[in-house]
Structures are given as C-alpha cells and as structure tokens.
Amino acid sequence: MEAEAASHRPRTLFEKVWDAHVVKPETPDAPAVLYVDLHLVHEVTSPQAFSLLAERGLRLRRPDRTLATMDHSTPTTPRGPGGAWVYGDAQAEAQVRRLSENCRSFGVELHPLGDAAQGIVHVIGPELGATQPGMTVVCGDSHTATHGAFGALAFGIGTSEVGYVLAAQCLLQRRPRTLRVNVDGRLPAGIGAKDLVLAIIAKLGVGGGTGHVAEYAGPAIRALGMEARMTVSNMSIEMGARAGMIAPDDTTFQYLSGRAKTPRGEAFEQAMASWRALPSDAGARFDREVSLDAAAVEPMITWGTNPAQAIPVTAAVPDPALAADAGTRASLESALRYMGFTPGERLLGHPVDVVFIGSCTNSRLPDLREAATVMKGRKVRLRTLVVPGSAAVKREAEAEGLDRIFRESGAEWREPGCSMCIAMNGDHLERGQYCVSTSNRNFEGRQGAGGRTLLASPATAAAAAVAGAVADPRRLEG
Amino acid sequence: MEPLRKLRSRTVVLAKDHVDTDQIIPARFLKCTDKKGLGKALFSDWRYDEAGAPRPDFVLNRPEARGASILVAGDNFGCGSSREHAPWALVDAGFRAVLSTSIADIFKNNALKNGLLPVVVEPAAHARLLAAPGAELAIDLADLSLTLPGGGVAHFPLDAFARYCLMNGVDELGYILAEAEAISAFERARGER
Ligand code: SF4
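Going down the list, the sequences are from chains Y and P. First residue of the first sequence? That's 110 in this note's numbering, and the numbers climb one at a time after it. First residue of the second sequence? That's 6 in this note's numbering, and the numbers climb one at a time after it.
These are calculated hints, taken from the structure and not from any lab test. In this text the structure is predicted, and so the values were computed from the model without any measurement. Just so you know, even glycine gets a beta-carbon here, dropped at the ideal spot from N, CA and C. There may be inaccurate statements among the hints.
Among the chain Y residues that face chain P by a calculated CB cut under 8 Å, a handful are [as the list claims (entries may be wrong)]:
{"id": "1", "residue": "Val132"}
{"id": "2", "residue": "Lys133"}
{"id": "3", "residue": "Gln157"}
{"id": "4", "residue": "Arg283"}
{"id": "5", "residue": "Val315"}
{"id": "6", "residue": "Gln379"}
{"id": "7", "residue": "Met381"}
{"id": "8", "residue": "Arg583"}
A few chain P residues that don't get close to chain Y, going by computed Cβ distances all over 12 Å [unchecked claim]:
{"id": "9", "residue": "Lys11"}
{"id": "10", "residue": "Asp25"}
{"id": "11", "residue": "Pro59"}
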C-alpha cells in the first residue's frame with residue numbers, strides 16, 4: 110500500500126536520483142547509505158584518502174567507477190627543454206607524482222599531464238561522457254556541482270569521504286532539502302550563463318542555499334547549451350547549495366551521444382528512455398522556490414570578497430552606510446577595504462592588472478569563443494591568460510583558430526589546468542593586483558596572497574583585457 | 006578518533022561573517038600529502054604579515070587565545086571549498102568546537118569526521134558569546150547544552166548519528182564497511198556483478 114502510494118506521489122528530479130541510490134534508508138538514528146556511481150579524483154584532496162586505504166589494508170572497491178586526472182597543482186606553461194614539465198615548486202610536483210603512484214597501485218584510470226583527455230576534473234567528466242543523467246557523482250571538490258547540469262546528483266565531499274567512497278563506493282548522507290530556482294523569460298543578447306548565475310547568487314546570498322540541493326528550471330535554463338548549463342550548476346556551492354541540478358532533455362542527450370564513455374547504439378536508446386523519466390513531475394513539491402526574470406539580467410561583476418557581492422558592470426558598489434544591520438555593514442566595509450574601493454564608486458573604467466580566462470566555470474569551447482569574439486582584431490592592454498579547461502578543449506580551440514586570435518591580441522595561450530583560479534601551480538597574482546577573472550571565487554587571496562579578484566563572464570573579462578580597465582562588453586570602442 | 010563527551014574551555018571570538026575555507030587555510034598549503042602540522046598555516050593570511058611575522062592585532066595571536074579550544078565565529082562559517090585541510094588545521098591548532106549561527110554543509114561534515122564539534126546557536130545566544138571573548142564555556146554532548154557567559158544554558162541541535170560517533174570516537178568508515186553485504190546486494194539488484 111505504502112510503496113504504491115509513494116510511487117504515485119509526484120517527485121522532484123533530485124528525489125528520483127536519490128531514491129534510486131539508497132542502499133539503506135535513513136532513520137532518526139542513522140543517515141542513509143547512498144551509492145556512488147562515479148567518483149572523480151584529483152591530486153589535491155586524494156593523497157590522505159589513499160593513505161587511509163593503505164593503512165587499513167583496504168582495496169579500491171570499484172576501479173571501474175573511479176576516474177582520476179591532475180589539474181590543480183599542474184603547470185600550464187609549455188614543457189621545458191627535453192619535454193619535461195616545469196612545476197611551480199617541488200611540493201606541487203611531489204603531489205602530482207603521488208597521484209600517479211596511487212592510481213598505479215590501486216588500479217585507477219588516470220589521465221595524467223600530457224594525456225589527450227587530461228584537464229580540469231569537472232571539464233573532462235562530461236567531455237568523456239562519464240557524467241550521465243540520473244547518476245550520483247562525487248569528488249573531493251566543491252565544484253562537483255557542475256555535473257548536475259546533466260541531471261546527475263553531484264556534490265563535493267571531503268577527503269575522509271573520498272576514502273570511504275574508494276573503499277565502499279558509498280557515503281552516509283542525510284537527505285537535503287530542495288530548492289527550485291525558476292528562471293523565466295529569455296536572456297538578452299550578449300548576456301550569458303555566468304551573468305545569470307552571478308545574478309542568482311547575488312539574489313540568494315552566499316549562504317542562501319545552505320542545506321539544499323538546487324534545481325534550475327524554466328525557459329531561460331532550457332534555452333542554454335550544455336556548457337552554459339555547466340556554468341550555472343558549477344557555481345551552486347557559491348550560494349551554499351551542495352548540488353545544482355538541471356533536468357536532462359534533448360540538448361543533454363545530443364551532447365552525450367557518441368562520447369567515449371556513453372553507451373552506444375541500442376544501449377544509448379535504452380538509456381535515453383530512462384533518462385526521459387528523470388525530470389521533476391508536475392506537482393512535485395520543493396521545500397523552497399525562488400524566481401528570477403532572465404530578461405532583466407545584465408553583465409555582472411563582483412566587487413567584493415564573496416561571489417554574492419555582485420552587481421551589474423555599470424552599477425556602483427554599495428555604500429555600507431546604507432546597510433540594514435551592523436553585521437552586513439561590517440561585511441561590506443571589510444570587503445571594500447580589502448578590494449580598495451570607495452563606497453558608491455562605479456567600477457567602469459577602474460584599472461585592472463591581469464585578466465584570467467579559464468577555470469571549471471568558464472574554460473570550455475563556447476566560453477573561449479565568447480572571449481575570442483571580443484578580442485579578435487584588438488590588442489590586450491594587460492597581462493591576459495587564456496587557459497583551456499582540458500586538452501580536448503585546447504585541440505578544438507586550435508582547430509578553429511581561437512589560439513591565433515588570442516596570441517595575436519597579445520594574450521598567453523596556456524596548457525589546460527586550474528591555473529590562476531586557485532593559484533597552486535605558480536600562476537598567481539601579486540599583492541594588490543586587480544584581476545577580472547572568469548573563475549568562481551573572489552575570496553581574499555584566492556588568486557594569490559593579497560590579490561583582488563573581480564568575477565565576470567568571458568565577454569566581460571575579454572572586454573577588460575582590451576580596455577585595460579573594467580568595461581561593458583556591450584559598449585566597447587574600437 | 007578520540008571520543009568527545011564534554012568540553013570545557015575559553016573561547017576565541019572571530020566576529021566575521023562568511024569566513025570561507027580559503028581564509029581558514031589558503032590553497033598554497035594544500036600541496037601536502039599528509040594531515041599533520043597544518044595548524045601553523047591556520048588563518049595564515051590574517052595571522053601573519055607579508056614578511057611572515059605574526060600580526061599582534063589578530064585574535065589568534067593574542068596571549069588570551071593560547072590554549073583556547075572553542076572558536077566563536079560569524080554567520081555561515083566554513084563556506085566555499087570542500088578542503089578537509091580546514092578542520093585538520095583547526096584541530097591541529099587545538100580547536101575542538103566551532104560555534105556560529107550557521108555553518109556551511111561540507112565544512113560541517115568534514116569537521117565531524119575529525120572530532121571537531123560544529124555548534125549552531127540562536128542569534129541571541131550567539132550575540133552573548135560574541136560580546137564575551139575569552140569566556141569559559143562548558144559544552145556537554147549528553148544533553149547538547151552549553152553554558153552561556155553571564156549565566157544560563159543554551160541547547161544546540163546535532164544529528165543523532167554524528168553525536169553517537171563523536172561521543173564514542175567511532176569513525177564512519179567502519180560503519181559503512183559493515184554494510185558490505187547490503188552494498189553487494191544493491192549492486193546485484195542493479196544487474197552488476
Ligand atoms: S578550476 Fe578552480 S574551482 Fe574549478 S576545480 Fe580547479 S581550482 Fe577548483
């Protein structure tokens with residue numbers, strides 16, 4: 110009786126994926142045991158987890174569900190003489206070597222530096238077709254939310270949990286609450302997914318999604334391509350939501366068809382049939398819903414030290430004197446002080462030192478095309494790094510001549526990796542420098558101690574590169 | 006993991022909202038392949054100046070902070086990156102509890118795995134804690150209570166399983182591995198293996 114009632118109850122996309130992975134249901138005394146379909150591994154958050162297995166004499170339970178790459182500590186400068194990679198420092202090199210050793214001894218598929226499928230972990234999972242609708246995907250990395258763009262339940266975990274998944278392919282989880290973000294209307298021409306997600310985070314706040322799994326829905330989301338959807342899901346954690354899902358549809362299936370790890374032929378048809386049942390049912394209930402009008406979104410840029418501190422590029426930074434309460438006032442004051450902005454100042458025309466185009470938010474082919482459109486035939490006026498998300502993105506970009514556009518404009522065209530998104534590999538800002546960056550975090554010192562980050566779309570970052578200052582990509586001169 | 010049943014300590018107050026894990030431990034310290042010794046890098050960019058000298062005005066550098074194992078923090082503590090290095094650094098520096106009005110999800114999970122107690126209190130109790138840096142608090146996991154500066158007791162929520170693990174020093178891996186049969190059955194039911 111009860112089971113039947115449950116099966117007719119309208120369910121959300123999240124509930125369907127969750128329900129299908131419960132090995133043991135949760136009780137008041139214990140969380141659910143949740144099965145993991147795909148475990149992505151990188152060099153920074155895995156060494157202590159592999160050590161845990163080694164210490165306890167445990168094996169890797171499912172090598173076939175584990176996929177590793179190196180991206181954070183790896184150089185993005187070309188190989189040195191003799192073909193050797195030039196690491197930022199000995200510790201970075203040792204960490205990368207440790208991943209190779211661990212993958213060899215535990216039997217993990219690894220895409221190392223120089224491999225045709227190497228790249229940022231959240232770029233290569235989808236690219237290889239390893240990320241699929243309805244899956245549970247985890248990684249020791251908070252931007253694992255990216256994979257939610259495919260209708261997967263994907264979230265970041267800590268290193269202890271990386272160890273649990275290596276050993277048991279499962280996690281202990283309490284069921285999170287659900288939040289639907291409805292984006293009505295259409296994005297105006299020239300406004301992209303990055304502008305949209307910054308507007309969503311600004312609306313909800315940096316902790317607004319805590320405890321929730323988000324689902325992005327509505328016509329403006331449906332109109333986005335897969336890469337743009339990944340840009341949106343990617344930043345879910347910046348409002349505190351561990352996961353951000355988008356219902357799979359024909360756009361999703363078209364992207365996946367023919368990829369290295371997706372099923373082929375008849376098996377793909379069957380998979381598609383089950384994926385079509387995933388979208389939230391009409392009448393499914395969410396714990397919370399918010400709505401946003403896509404038509405009102407403008408090019409966005411952050412002025413502060415968390416990703417919710419975002420404004421339209423043409424707007425003025427806030428004045429703490431007008432803050433509603435003392436806590437908000439203190440946060441605004443501290444962010445303005447760090448960033449060196451005065452209350453009420455406009456950012457347009459503010460000098461910039463570096464532009465970074467890359468990261469798991471914006472390093473895919475359409476992102477690079479967006480930047481190239483702005484930079485074509487123009488010269489950059491400041492140090493500009495363009496870092497493709499993966500070896501595959503790099504090849505495709507070069508095949509259509511994007512690398513030439515970047516180089517001719519004076520930008521650096523790099524090897525794939527995280528690079529200046531996290532500044533672990535030697536690519537970093539100097540103290541006090543301003544950087545317009547297409548990455549996802551503007552925390553103090555994120556791109557190098559004392560560095561100041563302004564997050565924006567590839568078009569806005571490219572506009573800053575050619576203008577030498579914060580600029581509106583819709584109104585560029587020359 | 007060492008069991009944690011009761012905790013008695015002075016507090017250190019870091020009255021800042023949205024302290025992200027990049028501040029708790031900057032990324033350049035994540036190149037280690039070990040967990041130990043990260044306490045030195047805790048809040049590195051706030052604690053030390055450009056030449057590496059301690060900034061005397063930062064709370065953790067004040068003499069009163071020495072030996073304190075309860076950190077009272079602003080709202081939304083631990084947001085951002087999933088790095089477990091953040092709780093590793095806090096524990097290595099001697100902290101056993103973090104108190105705030107809200108704590109980010111991944112940080113909270115990571116803290117629990119390392120015997121670091123996340124305590125979420127109501128804004129009124131939080132305001133009293135913020136106003137009394139260095140106050141001596143007693144936290145008891147048996148009834149999920151904490152004494153407030155100036156008298157009175159507040160209660161805080163904690164997942165029953167998390168509490169059990171903390172109080173008994175149980176690590177989750179053992180619990181999950183004990184489910185091996187259920188996990189195999191799940192895989193078989195899906196037509197694998
Ligand atoms: S690109 Fe940046 S955010 Fe993405 S995985 Fe790398 S370091 Fe993390």
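Checked hints:
1. Val132: 5 Å, holds
2. Lys133: 6 Å, holds
3. Gln157: With a minimum Cβ separation of about 5 Å from chain P (threshold 8 Å), the hint on Y:Gln157 holds.
4. Arg283: Since the shortest Cβ distance to chain P is 7 Å, the answer is holds.
5. Val315: OK, holds: Y:Val315 within 8 Å of chain P, min 5 Å.
6. Gln379: This hint is violated: Y:Gln379 lies away from chain P, its Cβ roughly 12 Å from the closest one there, beyond 8 Å.
7. Met381: 18 Å, violated
8. Arg583: Y:Arg583 check fails; min Cβ-Cβ to chain P is 31 Å, beyond 8 Å.
9. Lys11: 22 Å, holds
10. Asp25: Given that some Cβ of chain Y is not farther than 12 Å from that of P:Asp25, nearest at about 5 Å, it is violated.
11. Pro59: 16 Å, holds
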